[in-house]
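Asks: These protein sequence lines map, in sequence, to chains A and B.
If you're matching positions, the first sequence starts at 1 in my numbering and goes up one per residue.
If you're matching positions, the second sequence starts at 1001 in my numbering and goes up one per residue.
Worth flagging that the hints you see were computed from the coordinates, not collected in a lab.
There may be inaccurate statements among the hints.
Claimed, not checked - Lysine-lysine pairs mimicking BS3-like chemistry, simulated, CA-CA at most 30 Å apart:
no.: 1; chain 1: B; residue 1: 1125; chain 2: A; residue 2: 5
no.: 2; chain 1: A; residue 1: 670; chain 2: B; residue 2: 1125
no.: 3; chain 1: A; residue 1: 5; chain 2: B; residue 2: 1118
Chain by chain, the residues run as shown.
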Amino acid sequence: MQALKMLLRTWRGGQLGLIVWSLVLAVSVVTSVSLLAERIERALTAESSAFLAADLVVRSNKPTPQAWITEAGLQGVETSQMVSFASMVYHQSDMHLASIKAVQSNYPLRGLIKRSTTPFTFDESLIEAVNYGPAPGETWVDARLLPLLNIELGDNIELGDTILKVTQIIVEEPDGGSYSFFGARVLMNWGDVAAAGIVQPGSRVTYKYLMASGADQNAFTGYSDWLKDQLSIHDRLITPDEAQASIASTMDRGRRFLLLAGSIGVVLAGIALALASHHFAAGQTQQVALLKSWGIPASRVRSLYLQQSLWLGVGGSLVGLSVGYGFSELLISIVREWLPIALPNAGIRPWITGMATGLLCLGGFTLPSLWHLPAQPPLAVLRQDIQVAPVSSAIRGAFGIAAVAGLLLWYSNSVYLSLAILAGFALTALATVIIGLAMLRLGKNYGQRLGSIWRLALNNLWRRRSQSLIQMVGFSGAIALLMIMVVVRTSLIDEWRFQLAEDAPNHFLVNVAPYELDGVRDLVNAQNLETAGWYAMVRGRMTAINGQPITEAQKDSHESFRRELNLSWTAELPEGNKITEGQWWGEVDSATTIAPVSLEDEIAEELGLKLGDRITFSVGGLIFESEVVNTRTLNWDNMTPNFYFLFPEGLLEEYPRTSMTSLYIPPKQKLLVNDLLRKYPTVQVIELDKIIDRIRTIVSQVTRGLEIMTLLILSCGVLVMFAAVSLSMSERLQESAILRTLGSSRRLILGIQLVEFSTLGIMAGLLAAIGAEAAVVMLQYFMFDLPFALHPWIWVTGPIAGGVLVGALGVGYSRKAVVQPPLEVLKSL
Amino acid sequence: MIEVSNISKQVSTTEGTLNILHEINLSLASGESLAIVGPSGSGKSTLLGILAGLDLPTAGSVSLNGEDITAMDEEGRATVRAGHVGFVFQSFHLLPGLTALENVALPLELQGDKDALKTAAYYLKRVGLEHRTTHYPRQLSGGEQQRVAVARAFACRPTILFADEPTGNLDTGTGEKINDLLFDLNKEEGTTLVLVTHEHNLAARCGQRLVLAAGRQVDQTAPKKKAVVKKTVAKRAAVKKASVKKTVIPKAKVKAKTKAKPKTVAKAKAKPKATPKPKAAPKPTAAPKSKAQGSKR
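Build out the structure end to end from the sequences listed, making use of the hints.
Replies: If you want it as structure tokens, here you go:
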């Protein structure tokens, strides 16, 4: 308790302020970021489950085995079955090739179906969200089926041998937005499928087996592990992560940025803590000498300081945890208005992370600074010149770096991120020591020719060069880290805005026949809509691989072996695509007999195709041979047409082709889709507007979160600068007070401080630009997958911001020297 | 109480070995006072540091209370310091973040004294600062700060008090008052006093004087009167009793003290002979108000 008493008295005496604030800030930054990141992640998982309408799905072309369902029942796992297929629906003389989905009554297991009794409505008050599907004998349909079949709600439609009554309009399905079905949706009850008599053995249908965990999450995990062993080649397991790749990538980048911001916060607060601790320890040496002169043994002194550090760590961390919690709540309350999803509560991990940050920061930065104190000789009470030397700065630095590296790794789980930040900081520190020293010397020599203020100030900087360098490392480190964050944030947000511009394409028009192309174009143009350009494609089927005909087993294993594929051609690698294996083609001779083909890398893997494999295609009965020459990744974010199979120009143009495009259709002109479908029933329309709206909402909310986070980190930066400024303050105030006593003017004293600090700030800003540019290059390349770009503005703003900020802080701090009588200043030191 | 035999102190510098102290001998009985005088750089503070067990001589030995502290390790010397030694410094060495009361209480608290604050308040009252207990050092004048330091030194009931130029940072008037206080308390508590000073007045009030010049002992005035240990101890106990009557002091403290001392109370009323009691000295238990207000800033 004595240690706690001493700590509280020291706190009251004001010597602990900087250490405590650094600690609280480090912990609160990390806690709020972790809380946010975890809650967003949990929300995302829940959201993805909703997109899947379940926690886990098995897609298959065979009905679900009864054994799976029985086992699920034993494990308390909730299940539901669903079958989807394309079939004609009729009403009197009208017909439409609809996307039929038959669901059991407990569908969806996750998420909700939005329905309405008013077609084409966007009015939320007319839309109802329910967690069940249509009753037997009823059907819920896409609004556009009504004009397509000339029906109204309450009319009957025929499907196979059964008659279904249209009772609701589907506004949104949780697992809608699928690419595989192109017709209007007809949702019916599972029980009516048999009566319709349209699903026969061998029919082209897709079964889905939906699973959701009950109360026991472990039982669910156990069941899914068991299930994985039961899967055959017909079955494909779909997890929530795969369900919504585009939202996941946006959120993932957002989360990475939060991590980056948090990590930078930790490093900044760590530097502040290191500087503050150094300063604090210097103020404790006399006290320790006194304690030892009273006969307190070194071991007791060490124990007292260790206990105080522990109290400080626990207390500071607890305050930090609550501040961090408050901050994350504040962030959430600010973005709540734009929040499309409720954020679930976080688990224990963010709290552990926060607490660990506090204790580790203290262990890495404060303890090494205090370590030498017990060795202070008691004789120091009589002789000021006898002082124990602190632990060497190299060792202290090593502890600090180890603590930061450990924290960064644990926290970000990313070696690249940790390395980039450490490298950026190390480079800045190294540059500071080498270049900074040269600059200080240059300043001192050049300063001789300038006015008295400049001469004195630049001389002072050189005289105190080791302190100046430590301060410069602090300043430049803080500025560099802040610049890294602003640069990454800006480029991320720009990229998102570009991707999800207001008029980003939200509809795809596919399967437009050559003779329909002009008509469809006219219809689109009449509405003053712009397309992303028309892409030609031919539809072909794979018939053989390496001379071997496609087997039934292969057909069962993957959809692409049994259906027609969209084949297109291009001379240039499409924007956003990246070659993963092989080479992109140059000029290809149109007389060549084996066509080079480029495959999307995931489909290549799923189909078991590799470079050099020969694929035989059949296009409208005509056979041609091709060879896989490269694989590539696609960019799904930019909402432009993407192709799994691409050929060079001049090889496929002869075959019967269709066209496709993507375009933005504003909500008010949505009925164009119906006009189009009524006039050109074979054209397929893929609607992505709802998904895009959702992504846009999430992006805007993540962006807002990032803005606020940036502010929090900026405050960390200011704290570091404050700590660095206060480092030399007592010496400066003493000198200023002496100058003041000797009759120096206020102008001279403040002028010297202004020149000293702004010079330090400008130099630090310049050095920071070096470190920041290096780290940003690494981050852009490895972590955010953003294009490389230099940032000339940081070379300008770095020195200016550094000079202004540090100068202002320094002068603000030094004002005491000119407003208070010199004797009072000297007495207070 | 203090036996010093043939101590020397040498330090190595770039220009060779420097003799700071050369074969110093002295002997001081319990309750006596010694002034170490000499010009700046004569080795006074070095000698004080060695006597107090803060530093070690290059040769020779120092015994405090019969224990040879030069043969001990730092832990051993720390134990001796904790049990017997108190300090008053030229630059006060008060902790800036602590109030006057807390500054006095700190060493007691570190010794595990449960009544530290009560004892501290008692000693602050004895130095006439009972109205300044919650003030921080920066709010006190130099003289007041040194009185707090004196209270702190006596609060631990040391058997030997070392004072390093206790009035060196104070003006003559304030310095005189501190000296009075130091000698009064010394007399009342029966402490052995060793002080380093430049001031002849102060040195003259001590029973012994050791004059140093360039590290050599050039003069040592023999004690005017042989101090008798038994007498001194008896005197201390008597003063203690007297103060119990006058002021409320922590029970535990009184018990501890009285238990430790022989119960020769009867002779205790005898007037102290070792040093004349200065008339001007403020009564420690009831400092005049005018003085207190005068020092308030």
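Asks: The structure should be examined with respect to each hint, and the outcome stated for every one.
Replies: For each hint, the structure was consulted:
About 23 Å separates the Cα atoms of residue 1125(B) and residue 5(A), which keeps this hinted pair within 30 Å; it holds. The straight-line distance between the Cα atoms of residue 670(A) and residue 1125(B) is roughly 91 Å, outside the 30 Å bound, and the hint therefore fails. Between residue 5(A) and residue 1118(B) the alpha-carbon distance is near 16 Å, which keeps this suggested pair within the 30 Å criterion.
Comparing the model with each numbered hint stated earlier shows that hint 2 is the single one that does not hold.
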